[in-house]
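**Student:** Here's the letter readout for the chains.
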Amino acid sequence: MKISINWLNDYVDLKNISVSEIVDKLTYAGLEVEEIDDQAKKFENIVIGYVKEVKKHPNADKLSLCKVNDGKDDYSVVCGAPNVAAGQKVAFAKVGAVIPNGGMKLEKAKIRGEVSFGMICSERELGLGDNHEGIMVLDPLLKEGLSFADAMEMKDTILEIAITPNRADALSHIGIARELSALFNLHLKYPDVNFKESGKKSEELASVEIKNSDNCPRYIGKVVSKVDIKESPDWLQKRLKSIGLRPINNIVDVTNFVLHEVGQPLHAFDLDNLGGKKIIVRDAGKNTKFTTLDSKERKLQPDDLMICDANKPVAIAGVMGGENSEVKSSTKNLLIESAYFNPSSIRKTSKNLGLSTDASYRFERGTDPEITKWAARRATQLIQQTSSGEIAIGEIDAYPHKITQRKCELRFNRLNKILGYQIGATDVEKILIKLGFIIEKKSADELTVTVPSYRHDIEREIDLIEEVARIYGYNKIPEVSKISVTLEEKVDHYAFNDRVRELLNSLGFYEIITNSLLSEDIAKRFGNVINLLNPQSSELSHLRTSLIPGLLTSISNNIKVNEKDLQLFELGKVFEKVSVSNISDFKDFNESEHLLLAQTGNRIRNEWFEKDSPADVYDLTGFVESFLTKILPEVTVNVKSMNESRSRFDHSFGLFCQNQNIGFGGRLKEELCALFDVDQDVYMVQVDLSVLKGISITKKIFNELLKFPKVYRDVAFVLDVNITSNQVISIIKEVSSNLLHNIKLFDIFQSESLGKDKKSLAFQLEFFNSSRTLTEEEVEKDFRNAIKAVEKIFNAQLRGS
Amino acid sequence: MIDKIDETRKSFDENLSKVENLTSLEDLRIKFLSRKGLVSQLFESLKDVSKEEKPKVGQALNQLKIHTQSKFDELKEKLEKGQKSLDEFVDLTLPGRKRVIGSKHIITQTLDEIKNIFKGLGFSIYEGPELESDYYNFEALNFPPDHPARDMQDTFFVTDKFLLRTHTSPVQIRLMKEKKPPLRAIMPGKVFRNEAISAKSYCLFHQVEGLYVDTDVTFAELKGTLVAFVKQFFGQDIKYRFRASFFPFTEPSAEMDIWWEPKGKQGRWMEILGCGMVDPNVLVNVGIDPEIYTGYAFGMGIERTAMRKYGIDDIRILFDNDKRFLTQF
Chain A
423 MKISINWLND
433 YVDLKNISVS
443 EIVDKLTYAG
453 LEVEEIDDQA
463 KKFENIVIGY
473 VKEVKKHPNA
483 DKLSLCKVND
493 GKDDYSVVCG
503 APNVAAGQKV
513 AFAKVGAVIP
523 NGGMKLEKAK
533 IRGEVSFGMI
543 CSERELGLGD
553 NHEGIMVLDP
563 LLKEGLSFAD
573 AMEMKDTILE
583 IAITPNRADA
593 LSHIGIAREL
603 SALFNLHLKY
613 PDVNFKESGK
623 KSEELASVEI
633 KNSDNCPRYI
643 GKVVSKVDIK
653 ESPDWLQKRL
663 KSIGLRPINN
673 IVDVTNFVLH
683 EVGQPLHAFD
693 LDNLGGKKII
703 VRDAGKNTKF
713 TTLDSKERKL
723 QPDDLMICDA
733 NKPVAIAGVM
743 GGENSEVKSS
753 TKNLLIESAY
763 FNPSSIRKTS
773 KNLGLSTDAS
783 YRFERGTDPE
793 ITKWAARRAT
803 QLIQQTSSGE
813 IAIGEIDAYP
823 HKITQRKCEL
833 RFNRLNKILG
843 YQIGATDVEK
853 ILIKLGFIIE
863 KKSADELTVT
873 VPSYRHDIER
883 EIDLIEEVAR
893 IYGYNKIPEV
903 SKISVTLEEK
913 VDHYAFNDRV
923 RELLNSLGFY
933 EIITNSLLSE
943 DIAKRFGNVI
953 NLLNPQSSEL
963 SHLRTSLIPG
973 LLTSISNNIK
983 VNEKDLQLFE
993 LGKVFEKVSV
1003 SNISDFKDFN
1013 ESEHLLLAQT
1023 GNRIRNEWFE
1033 KDSPADVYDL
1043 TGFVESFLTK
1053 ILPEVTVNVK
1063 SMNESRSRFD
1073 HSFGLFCQNQ
1083 NIGFGGRLKE
1093 ELCALFDVDQ
1103 DVYMVQVDLS
1113 VLKGISITKK
1123 IFNELLKFPK
1133 VYRDVAFVLD
1143 VNITSNQVIS
1153 IIKEVSSNLL
1163 HNIKLFDIFQ
1173 SESLGKDKKS
1183 LAFQLEFFNS
1193 SRTLTEEEVE
1203 KDFRNAIKAV
1213 EKIFNAQLRG
1223 S
Chain B
62 MIDKIDETRK
72 SFDENLSKVE
82 NLTSLEDLRI
92 KFLSRKGLVS
102 QLFESLKDVS
112 KEEKPKVGQA
122 LNQLKIHTQS
132 KFDELKEKLE
142 KGQKSLDEFV
152 DLTLPGRKRV
162 IGSKHIITQT
172 LDEIKNIFKG
182 LGFSIYEGPE
192 LESDYYNFEA
202 LNFPPDHPAR
212 DMQDTFFVTD
222 KFLLRTHTSP
232 VQIRLMKEKK
242 PPLRAIMPGK
252 VFRNEAISAK
262 SYCLFHQVEG
272 LYVDTDVTFA
282 ELKGTLVAFV
292 KQFFGQDIKY
302 RFRASFFPFT
312 EPSAEMDIWW
322 EPKGKQGRWM
332 EILGCGMVDP
342 NVLVNVGIDP
352 EIYTGYAFGM
362 GIERTAMRKY
372 GIDDIRILFD
382 NDKRFLTQF
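Taken in sequence, the protein lines are chains A and B.
Quick note on our numbering: the first sequence kicks off at 423 and runs consecutively.
Quick note on our numbering: the second sequence kicks off at 62 and runs consecutively.
Hints are computed from structural coordinates only; laboratory data are not their basis.
Only a predicted model underlies this, so the values are computations on that prediction, with no experimental measurement involved.
Virtual Cβ for every residue (Gly too), placed ideally from N, Cα, C.
Any given hint could turn out to be false.
As the list claims (entries may be wrong) - Pairs of lysine-lysine residues, derived as DSSO-like cross-links and limited to a Cα-Cα distance of at most 27 Å, are as follows:
1) B:K180 <-> A:K447
2) A:K770 <-> B:K261
3) A:K478 <-> A:K527
4) A:K795 <-> A:K700
5) A:K577 <-> A:K618
6) B:K261 <-> B:K180
7) B:K240 <-> B:K176
8) B:K241 <-> A:K447
9) A:K986 <-> A:K912
10) A:K795 <-> A:K839
11) B:K92 <-> A:K1115
12) B:K261 <-> A:K904
13) B:K176 <-> A:K1122
14) A:K839 <-> B:K132
15) A:K1115 <-> B:K240
16) B:K240 <-> A:K527
17) B:K180 <-> A:K982
18) B:K222 <-> A:K898
19) A:K750 <-> A:K795
20) B:K326 <-> A:K904
21) A:K1115 <-> B:K180
22) A:K1122 <-> A:K1166
23) B:K142 <-> B:K92
24) A:K995 <-> B:K240
Said to hold, decoys possible - Here are some chain A residues pointing at chain B (derived, C-beta under 8 Å):
25) Y843
26) Q844
27) A891
28) P900
29) E901
30) V902
31) I935
32) Q958
33) E961
As the list claims (entries may be wrong) - Calculated from the model, a selection of chain A residues having no Cβ within reach of chain B, i.e. all distances over 12 Å:
34) R828
35) I934
36) D1034
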């Protein structure tokens, strides 16, 4: 919202307060000043110039060569305007000036061979209007050399203030002035509303009937006759222009002025176009179409509130007037509307129509029902001032639904308890009075106040505490620099995730964060989808069912910039619908946290000690085992994977801990990668983090260090090629005593010499007993058993024997 | 003769101790151990020794030979090894065999830093779901059904009652419903807004929520805690201010700004967090008596904080996961 400091001075005396003080105080009090626009700065180096002489430009028909005096010197200036003439006072932009409209900086320039030291400006160039027919000709009494901003009384500062939705009362100059009166302890004065009324009473000239008093508790109509529709006087135009509004005519300008003065939206109807000279406030009813002031036809909902005459709708209540009753140049008689509408009714209508206006913006936040009469009178006063006109006596005040003013209590000890700081009773009282509260009762312990009718946001004690605190100043409340200790149990939900991240970092994996939204097509491939009702685009319309699409998108992005060797992981939530019906409860969907880690490209890219070596599935299983053994009691990678993984992976495997499945992985299928333009192998593992967390080791216990020697035996078998090393290992484990602690595969060999479809696997068996030294015999016994079992079960042969 | 042997032995030891390299060792060999060397000469003269003395002298001679030969061999080996290490050239400017150490995403790193500060101040860490109900995200937080504050939040709805949470504040409600005061916790997590993706905004981001409820929690303590936080996070000499603001779930409400001066640009105030005293309506909603307990709450965006800290001006780069970006942190 734009606020003019000059305008504010009509209500509070700010002459001795700097703009920066005003800005700071407002901002601290919750009315954040986002921009400060110093008008005088815009007109720097623009002065009143006196046109001494005008000659034809020697080389151009349409240009003139002028001599302009700035009070001291004469300047040669080339001018293209047809209306330039000797003896005029003009806005003369000197070299160095920045033209307000367009921001061009003036320099000495040669125009068709003649040097021009500046420019004579048009209204449009000065940003003061649309006129570009010719230069702006000023009052001949103005003294040349005066700064343009001074001469035209343009010195003003415009503040752009962000108003939070609770502060409807601050959406006007008087609203801001009231705030400043409290902040700087100033007197707030409302303009006097005095004018002559004559002729008939308003009630005799028109009538108002409210059919929906819930949504329109109050409606004031005031009649003004015999008005002249014309341009507004300068002062009024200047006020409106200063806050970026375009003057239209005296009537529209006055209603706009009052809106920005006191926050009450007004509407002026052409009384002669109101059927039956009557206003009826009622619901739109079925199938209502209505053409608004902006010439657009709008379709209304049956319960949208309308302002109608005896026959037809004439305005959408609180939002916008209609073409059929708008003030035109021929209008003679007016009905000024000043009403209070139910905020939620206006909000609903405005939302339905997708139409937000200065009026609806204020009504939907809550206007002041008690200012309506003042605002109507203020408008008629100004209309009379600007266009003569005859004001009917009194006004029609339909107020079927009297809005009672709230009372509220404030206990001083409660104020202290919330703030942790004592603000004196007199300070509290003064602040509240300045904000318009009326002190009804006071004692040593508490105050009772009546809440002003414009403060819809104040209902409770805590609301009063906030008022006092923000006007007193948050920055004056001390910071307690020691904090009290609470000894409740400390919990860290994220500790496990942090550990996972650190382990994966140490293995060379970088963490990524990807979008939680996917397209329907992609999301559907990974589970039962949940869709957004209001997606931004079809690309981001469904909640992710898997982390895989995000990973592949990231890999694809990287391949595009030639980063092809990647080790990435993500920890994130995935969502799946579990019920058949719509989601109406937390049971209807699963939100689970997944870990995905992936490797693609080369393990090593051309180094002096090793050539390019593409990553393969053993890199992946190695990473996974290294990682998991840090947090689980034991891990097995098993090819007995689930269907789920087989559909998505080649070389798919399951991850198991004590026979519980904790995840799966493998090489992602080419078709899947191709969907994301990824044309290289991607190895990845997906783990359900809650499962992993559930079985992770939370407490570690020290194992005594071995005091007796270990004994090793090596053995190599020739086996069928499709027998896995795990199969062999589990058989050896099965037949061995508890002296055997480890079996390590240390060599794989395949060759014609072994026979077709044969391979050799070599194992090292590790034996020990933690309480004594082993004897040769017992080791030998286990070793022999193992060999025999493998030979028998897998039809294996001992190699090298 | 025995004396001569002893003398030769002494002379050998003496010579040997002076040998510094293979050349002088070779000289030593020629002098003592060659065919015409001193040791051989002594063996030559054995034939002149009397029969009685021969065994004794012979034994002494043999010992001399073993002694000199073994000492010689020992030194030779030692010198040759030394020579070898001089011969071998090691180019230490070759790149070593590097191992990659990954890193956490900078959002996580920033969050870690924030978590650590608040842990030090005695806060626990809790989490809550991203797919939330309207009740936790709005209703329990004192957003009336058609309050204009909802205009400020453009929400992704899944049904009319379920949505992607727009802030981490619903976790406050969950925590207060689950546990009794005193409660002191931060609640980080991902949140969603229906905003078009641009340099300035993304449809998701991360927040940290803070909550402290006990019998004597005050606005002054809220300020103290947050000041302690910004000083630790941005540096002890950071300039800050508190402004009044509005949130449905806190009252009084405030926003905290810090003075921010990007390199080569004009300084300005920048909002870093919203905060306030927990609104009594919220406490009533979760069954806590606001006459007995008071509380404060705060919330801050992590992306914005991280971007400020690392000088990033386009939020999208955080979610592109470009390796050239990831490996910088």
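**Student:** Hint compliance check: list the failing hint numbers for this structure, sorted ascending.
**Tutor:** 1, 2, 5, 6, 8, 9, 10, 11, 12, 14, 16, 17, 18, 20, 26, 33 and 35
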